[in-house]
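Engineer: Going down the list, the protein sequences come from chains A, B and C. Taking this note's numbering, the leading residue of the first sequence gets 72, the next gets one more, and so forth. Taking this note's numbering, the leading residue of the second sequence gets 5, the next gets one more, and so forth. Taking this note's numbering, the leading residue of the third sequence gets -3, the next gets one more, and so forth.
Because the hints were derived from the structure by calculation, they are not lab data. Accuracy of the hints is not assured; some may be wrong.
Said to hold, decoys possible - Pairwise CB distance ranges, derived in the manner of DEER restraints: (1) A/GLY259 <-> C/GLN144: 40 to 46 Å; (2) B/THR337 <-> A/ASN276: 31 to 37 Å; (3) B/GLY384 <-> A/ALA268: 43 to 49 Å; (4) B/SER341 <-> A/ILE129: 31 to 37 Å.
Ideal placement from N, C-alpha and C gives every residue a C-beta, glycine not left out.
Here is how the chains run, residue by residue.
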Amino acid sequence: MYRIRFHGRGGQGMKTASRILGTAFFLEGFEVQDAPRYGAERRGAPIFAYVRASKEAINERGIIKEPGLVIVADDTLVAMPAAGVLQGVTEDTVILIVSVIEAELWKDRLNFPGRVLTVIPPGEGQSHERAFTGGAIAGAAARLTGAVSKASLEEAIREELIPLGTKVVEENLEDALSVYEFMAEHEGCVAPGTAIAVEGFTPPNWVELPFEDARLSSPAIHAEATSEQIKTGLWRTVRPVIDYELCNRCSWLCSTFCPESAISVNEDGFPEIDYEHCKGCMICMTQCPPHAISGVLEREAKGGEDNET
Amino acid sequence: MKRRLLTGNGAAAWGARLANVDYVPAFPITPQTEIIETLGSWIDSKEMAGRMVTLESEHSMVTAAGAAAATGVRVFTATSSQGLLYAMEMLYTVAGWRAPFVMVNVSRGLSAPITLEPDHNDILAARDSGFLQIHAATCQEVLDSVLMAYRLSEDARVRLPVIVNLDGFYLSFTREPVEVPKEDKVLSFLPPFDPENIRFRASTPISQAVAVLGGGPYSYFRYETHLAALNALSVFDEISVEFGRFFGRSFDAVEAYRTEDAEFVFVMMGSFATKAKEATDRLREAGWLVGLVRPKLFRPFPKEHFLKLLKGKKGIAVIDQNISMGKGGVLYTELASVLYGSLDDGPVMASFIGGLGGRDISSEEFFEIAKVIRRAAEEGKAPPPRLLYTEEELREMRKLQVIANAERNQAGKRVGKKDE
Amino acid sequence: MSEETFKSVKDLPSTRLLCGGTPMCSGCGALEALHEIYDILGKKTVFVNAAGCMTLLSIYPFTPFRGSWLYTAMASAPAGAQGVRDALDILIEKKQMPPEDDLQVVVLTGDGAAYGMGLSSTSAAIDRELDFLYICYDNEGYGNTGQQFSAATPHAAKTATSKGPRGYPGYKKDLFSIWAAHKPPYVATVVGSEPLDLAKKIEKASELKGPRLIIAFSPCPTGWGFDPKLSVEIGKLAVKSGVWPLKEYIDGKVIHTKIPRKRVPVEEYLKVQGRFSHLFSPKRNEELISEIQARVDAYWKEVEG
Chain A
72 MYRIRFHGRG GQGMKTASRI LGTAFFLEGF EVQDAPRYGA ERRGAPIFAY VRASKEAINE
132 RGIIKEPGLV IVADDTLVAM PAAGVLQGVT EDTVILIVSV IEAELWKDRL NFPGRVLTVI
192 PPGEGQSHER AFTGGAIAGA AARLTGAVSK ASLEEAIREE LIPLGTKVVE ENLEDALSVY
252 EFMAEHEGCV APGTAIAVEG FTPPNWVELP FEDARLSSPA IHAEATSEQI KTGLWRTVRP
312 VIDYELCNRC SWLCSTFCPE SAISVNEDGF PEIDYEHCKG CMICMTQCPP HAISGVLERE
372 AKGGEDNET
Chain B
5 MKRRLLTGNG AAAWGARLAN VDYVPAFPIT PQTEIIETLG SWIDSKEMAG RMVTLESEHS
65 MVTAAGAAAA TGVRVFTATS SQGLLYAMEM LYTVAGWRAP FVMVNVSRGL SAPITLEPDH
125 NDILAARDSG FLQIHAATCQ EVLDSVLMAY RLSEDARVRL PVIVNLDGFY LSFTREPVEV
185 PKEDKVLSFL PPFDPENIRF RASTPISQAV AVLGGGPYSY FRYETHLAAL NALSVFDEIS
245 VEFGRFFGRS FDAVEAYRTE DAEFVFVMMG SFATKAKEAT DRLREAGWLV GLVRPKLFRP
305 FPKEHFLKLL KGKKGIAVID QNISMGKGGV LYTELASVLY GSLDDGPVMA SFIGGLGGRD
365 ISSEEFFEIA KVIRRAAEEG KAPPPRLLYT EEELREMRKL QVIANAERNQ AGKRVGKKDE
Chain C
-3 MSEETFKSVK DLPSTRLLCG GTPMCSGCGA LEALHEIYDI LGKKTVFVNA AGCMTLLSIY
57 PFTPFRGSWL YTAMASAPAG AQGVRDALDI LIEKKQMPPE DDLQVVVLTG DGAAYGMGLS
117 STSAAIDREL DFLYICYDNE GYGNTGQQFS AATPHAAKTA TSKGPRGYPG YKKDLFSIWA
177 AHKPPYVATV VGSEPLDLAK KIEKASELKG PRLIIAFSPC PTGWGFDPKL SVEIGKLAVK
237 SGVWPLKEYI DGKVIHTKIP RKRVPVEEYL KVQGRFSHLF SPKRNEELIS EIQARVDAYW
297 KEVEG
């Protein structure tokens, strides 16, 4: 059985990718499961989707624990534990990262014994809005399994995306086919995985759940402001940066408008951005009267940080 | 101690009054309304402290009840049938909050068709909600149950809401002598409610009833609620001993009547069980070794009590005043699950559905049930479930159908000839 | 009184009591309004919440609040507020709680609950003169389930359940007037993009007793289809175009707190949102655009007399 997991951010088309790949496998005569996994998180937050495909009936369900292929649509997710990109990977897993950074460098960074591949984001250096498309990712997965023909991939894209209009179909087709070609040398590198064996299985560590009275066991939080521990800054793809030369210490409109309470005002009357929680909505940038706030791609901002340290 | 004549509703109101409740969110519904009217008049005349507020629905009523309990006051409320179902979302919700309070349900058959008279489908719909359930059979028990319920509900080992159930009309509007305990005695039996750390105060911020993500935390919270409900079994027994000491009458989780040497046992809940008690006495006089087992506590389900009482019996007739569509009697099903595999050479069980929508159960029917279960035990074979419904009743039904012009020809074809 | 505290934007608090880390969408107009409101109300509050986007503010064990919170259900948050308020009053009355431990009870619901399922419990809470503040974050649809239309959805908006060429056939319910018809002490509309107006109203509301109700217009990048960075801009356009009148009901009168002198054409507001894109492409729908404009014009004609 092929077990494939897509990691991306809400809004990047992971569900679309899983549906396209699911349909493509189905067209090839496979039994298929495809599903997105939603949490409470929204646009920009890490999400994942998955596809199972097998010539036999599929009885597994839910999250894929040991993926044969992991595709990461946004390389900023790799280092984010909450995204769970590396969950359950073994040396037989193939990891494909959509990134401008080379595969070898990723392999070193992750200290991962298996195969790591990268693909440059489609449209990189061109239109920003097209940076990630479900079609491209599905195209990569299709080729890496070697089990999906170009024709099925095309048909699947049309079937899944036609309600979104011909422009979307054409864009996705173009991206998908280009990535499909790009991956030709790795065709079939993702092998179907096997089922969990009974022999030598690891038994679950079941416990007798002890009774705990309601002071402990009611669904209540006996504290304040604990959500501070959630680093929603990880959702950000664009970072607002304040040019303090230009900031005129207005009436801190940026701070008032920031939905996340992520901009505070320091003793000198200058606003400061809490990058751990800023989700990168960029309202501050659009509302700053003297235009003292600009947007920097997170990837580039991160790179800068790396150099500094 | 002085006894006075009280309706079941009146006894429930007295229970709330003696429990010194702080807060009574209310909504009228037949046959419960007398409870809130009584409490309302006591509060208005200052005979009773506490605050009452009439909400616009039972859904809101239970929300307000849970929210007030979660803030740290003692809450009482009451409802019936459709009202209980209208509040159903909130029953599960406030139990999950671990908000302890007492709600009286006056049982009444459920719509459709809408009716006023009692059966237990309303209360049994709340079976899995997290509310504990005490079922009363007399007006005295109604009052006693309310006091027991507060002790049980607020106990730190439990901390769950409790429903006290009484049957509409048969108890709600029926006066019986009831011993009303002295206030100071009740106060020592039932000290004021201590909400501990689950309450709203400006100095100790708390976020209650928050969402969870994922099955792990959800399973934990849900199972802890289940464990708390199970705890209520031993806590109930403990409180019941205390209750006896304080008030001089016992309040066991399961009533056992003439069961010791009985070969055959009726199992029933609620006020109709006293009819079975009456039949038991008559059958005993006629030389039958029969008895009655009546759970007062239904949630948590008193499994061990049942096993102890039913061990060695030849036959059990469960008479359910409810029906689970497509399955049958609920108590029968629950008891079967308890007995299965637990008793060697277990007794034969038979299921009877009776008393739906207040339909009476006659002594003769109990006698016949005894006959059926004895025969079943002799043959070692359980009979099919039986609805207690007579040919006379069906004939009356036919007359109504004729007036309603309901498929006149069909009705005639099927049974008309025989009936005429 | 309140007018004195917040004379200019400079006077607005910058305490930022509501902390970050919530799962609300990036650029959420509702969260923006809420954090502005929270800075004025302070932490001696208990938010009683109904099912909606904001239910996910508190997910075990994380809460952004420095005060308290109770999640109820979709229909009955005002009843939950009733229970909490009454219980606090009882505790103070019985001297079982010091008065300084008292909390302001605040209902927080979306438009799905406010305009629909919870309307009866709200109406009844006003009838009972419950001392509470109701905040409806109005993002004009069932946002948490993917923006299906609600009774707050504006005419012609495309939602997940009104995908036809003419969008939502109904008209946005006038909840302000429905609430005002109950004659409570205070009703107001606000929007996060007008923080001074918002602050004045929230302060005024918190100085009054009894039912006080606020509808916070909440631009929703996810549900309305726009870039999160435009969230404030769209709020401002809603006010400037006259689509969202800023007003209050107090002492039996409706007062408009910000009358857009020269109204921007509604299409300026409509065309920046995906949910109205079918009014402009592939073909401009003059009829619908004019209808929407005419309704806005008629409203203001009445206001301006």
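Engineer: Each hint needs a verdict: does it hold in this structure or not?
Structural biologist: Now the hints, each set against the structure:
no.: 1; hint: A/GLY259 <-> C/GLN144: 40 to 46 Å; verdict: holds (44 Å)
no.: 2; hint: B/THR337 <-> A/ASN276: 31 to 37 Å; verdict: holds (34 Å)
no.: 3; hint: B/GLY384 <-> A/ALA268: 43 to 49 Å; verdict: holds (47 Å)
no.: 4; hint: B/SER341 <-> A/ILE129: 31 to 37 Å; verdict: holds (34 Å)
Going through the hint list in order, the structure satisfies each hint without exception.
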